[in-house]
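*Asks:* Listed below, chain by chain, are the residues.
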Amino acid sequence: MSAGAGDVRPAGGPGGGAWLVVADAGWPAALRVARGTSSGVSAAVVGPRALADAVAAAGVPVLWAEPAGGTPAEAYAAPLAEQLAAERPALLVGTTHPASRALLGAAAALAGARLLTGAVAAEPTTGGTGGTDGTGGSTGAGGSAWTVRRTLLDGAVVETLDSPSPVALLVQGAGADDDAPPPAPVAGTVRPVAAAPAAMTLTTVPSAEPAGGLEDARVVVAFGRGVRSRDDVALIERLADALGAQVACSMPVADDRGWLDRSRYVGRSGRHIAPRLYLTVGISGAPQHLEGVRGAQVVAAVDQDPAARIFRVADYGVVGDLYEVVPALITALQG
Amino acid sequence: MRVVIVYSWARDTGAASVRADGSVDWRGGRTAPGEDDPAALAVARQLAEDTGGEVTGLTLGDGDASWVLARGVGSTWSVGDAPLLADDAATAGILAAAVRAIGDVDVVVVGDAAERAGVPAALAGLLGWPALLGVTAASAVGEAPGAAGTAGTAGATDGVGAADATAVRVTRPSPSGTETITAAPPLVLGVAAESGTHRAPGMKELLAARRRPVTPLTLARIGAGADDVTSRGTELPPAAPTRVFEGPPDQVAGQLVAALRAGGVL
Ligand SMILES: Cc1cc2nc3c(=O)[nH]c(=O)nc-3n(C[C@H](O)[C@H](O)[C@H](O)COP(=O)(O)OP(=O)(O)OC[C@H]3O[C@@H](n4cnc5c(N)ncnc54)[C@H](O)[C@@H]3O)c2cc1C
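Chains A and B, in that order, give the protein sequences.
Counting with our numbering, you get residues 1 to 335 for the letters of the first sequence.
Counting with our numbering, you get residues 1 to 266 for the letters of the second sequence.
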């Protein structure tokens with residue numbers, strides 16, 4: 001990035017502080033982790049002006065690179081990393097979004113930082129062994145030791161880790177919080193910087209699916225292999241009608257059985273949605289499925305197996321045969 | 001193009017079990033093919049095929065070399081004494097050193113596993129190469145973006161000689177549709193599988209795999225360190241706040257609807 005880009009300093013002054021690396025809308029989750037460290041937080045944003053404004057509106061000084069038309073954010077990884085290394089970050093935080101990760105990986109390498117996935121919290125280690133292992137590199141902030149908590153095994157456990165040197169943290173970002181008011185632009189806290197991108201081109205082909213489907217739905221009812229026959233889908237549709245909901249499904253329902261269009265399955269390789277209520281019926285809760293609904297506010301599940309994984313992540317669970325529970329739910333909703 | 005496929009480089013999270021005290025039993029902690037490895041291998045093979053190039057395997061620790069060798073890869077390298085590390089940058093450091101030892105590599109393809117999401121990103125950073133992550137497919141194309149007058153209009157390899165295929169075109173899903181990115185090697189690609197169905201190799205392929213070479217590497221030989229962060233151990237997350245209703249269908253249905261209404265969700 002160009003000279004003069006270093007005008008934005010972390011509140012803690014040069015040589016330290018937490019830096020947020022942003023290229024996607026999931027950044028509030030990363031900001032929460034950065035703020036929890038009680039370090040001064042600054043941000044490097046690669047994306048449209050609205051993204052930089054949104055971060056600035058959260059009270060974070062922003063260095064902003066705007067990708068030229070048809071250039072992906074990843075093309076700015078190397079110049080951004082140089083810029084950040086010059087700031088001697090003690091902590092780098094970003095989301096697992098592909099572009100954000102590419103930026104964070106480059107920045108971590110240049111800053112000589114450890115890179116920990118699944119981070120949920122971090123704090124400086126008092127009386128740590130800062131800088132003793134030599135991995136801080138010449139640009140890393142020596143003496144910066146951290147204790148990091150991160151989830152493992154799809155959230156089944158939390159691990160506590162000690163790092164003697166600066167760390168870069170990957171935080172699971174959720175979708176944008178749709179209840180938050182749109183940020184007002186904050187004048188003076190977004191500093192545009194010039195950066196020469198790597199030679200790359202980006203084109204986006206919009207999805208063929210008609211808009212106004214799952215992505216915007218406030219309530220979604222999703223069913224899985226617990227539903228036995230195609231004719232029984234009508235039962236799920238009646239439940240969806242009673243809830244004013246859209247209907248979604250797990251991957252095998254769309255892929256193997258072809259009962260719903262492929263645009264209707266939720267998950268890692270399917271739709272990523274963030275409804276207010278996600279009600280599952282006969283879905284076991286495989287991690288690949290749940291990846292598509294991390295942004296849901298409330299998850300409720302109906303399954304006959306009390307040990308189904310879905311009951312470990314749902315807010316509400318009903319243990320029972322869906323062929324009995326769903327008609328009863330329809331009646332209760334109409335009452 | 002010389003493409004390296006990194007496979008079986010992490011523990012099998014599916015085999016791990018959580019004990020009542022929150023500690024994890026890794027069942028021996030061996031490395032295993034990740035669920036994204038078959039998709040990553042398919043991408044690696046596609047790029048090699050498009051360019052008349054070759055795929056070389058790379059694995060860490062006790063990774064089973066026959067996994068790639070039985071799937072058509074001619075040779076593989078193995079850093080046998082690489083330990084399993086919590087720090088993704090440290091794992092990437094070993095991989096980067098191995099890629100340098102292999103030499104003349106154009107593209108490194110790695111399964112983009114959620115539990116190890118930092119590894120492909122840090123690997124690219126340490127190599128000083130761009131990273132394209134969350135990729136679901138890739139092919140080689142005729143010209144790199146930025147080539148005189150033709151930026152962004154590179155054609156597919158059809159009709160383009162293998163030697164002319166100088167750029168890589170990847171696709172990946174995005175919230176608004178499908179993204180296509182074209183970039184010139186060297187590159188690191190993180191590949192995310194879209195499903196779990198892949199063909200297993202037959203007996204003939206397994207037998208052929210035994211005759212293919214595995215080049216052993218050591219941390220000392222590639223000049224890699226294995227410093228890690230220190231784990232204080234694992235614990236169960238704060239008690240899951242799931243409210244589970246059990247009982248007659250009418251009763252539990254009524255309870256769920258009442259709870260959702262009381263919570264302002266309905
Ligand atoms: C690389 C990869 C990517 C993937 N991507 C996705 C993805 O994007 N989306 C996705 O959904 N999956 C994805 N999968 C598949 C995923 O791993 C699971 O196989 C799938 O989600 C299971 O679907 P299910 O829950 O409908 O079926 P099952 O796991 O078979 O669960 C069925 C559930 O129904 C319950 N049940 C049965 N009968 C009844 C009854 N009468 N009443 C009440 N409950 C009943 C059972 O107890 C069980 O819990 C992916 C897999 C891989 C390897």
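Do not rely on the hints blindly, as some may be mistaken.
[As the list claims (entries may be wrong)] Which residues of chain B face chain A? A partial, calculated answer using Cβ under 10 Å:
hint	residue
1	Leu84
2	Ile102
3	Ala192
4	His198
[Claimed, not checked] Coverage of chain A stretches by chain B, computed from C-beta distances (three or more under 8 Å per stretch; other residues unrestricted):
hint	stretch
5	38-49
6	233-240
7	262-276
8	320-333
Keep in mind the hints are simulated off the structure, nothing from the lab.
This one's a predicted model, so the numbers in the text were calculated from it and none came from an experiment.
Where is the CB? At the ideal position from N, CA and C, for every residue including glycine.
*Asks:* With a cut-off of 8 Å between beta carbons, are at least three residues of the stretch 233-240 of chain A near chain B?
*Replies:* As far as the stretch 233-240 of chain A goes, the hint is violated, because 0 residues have Cβ atoms under 8 Å from chain B.
*Asks:* Does Ala192/B hold up as a contact with chain A if the rule is Cβ-Cβ below 10 Å?
*Replies:* Holds, about 7 Å.
*Asks:* Taking 10 Å as the limit, does the beta-carbon of His198/B come near enough to a beta-carbon in chain A?
*Replies:* violated (14 Å)
*Asks:* Per the coverage rule (Cβ-Cβ under 8 Å, at least three residues), is the stretch 38-49 of chain A covered by chain B?
*Replies:* violated (count 0)
*Asks:* Can the hint on Leu84/B be confirmed by a CB-to-CB distance to chain A that is less than 10 Å?
*Replies:* violated (13 Å)
*Asks:* Taking 8 Å as the Cβ threshold, is the statement that the stretch 262-276 of chain A is covered by chain B upheld or broken by the three-residue rule?
*Replies:* Holds: 4 residues of the stretch 262-276 of chain A have a Cβ under 8 Å from chain B.
*Asks:* Please count how many residues of the stretch 320-333 of chain A have a CB within 8 Å of a CB from chain B and say whether that reaches 3.
*Replies:* Coverage by chain B holds for the stretch 320-333 of chain A (10 residues, Cβ < 8 Å).
*Asks:* Closer than 10 Å between Cβ atoms is the bar; does Ile102/B clear it against chain A? Give me holds or violated.
*Replies:* Result: violated, 19 Å to nearest chain A Cβ.
Violated hints, listed in ascending order, are 1, 2, 4, 5, 6; each of the other numbered hints is respected by the structure.
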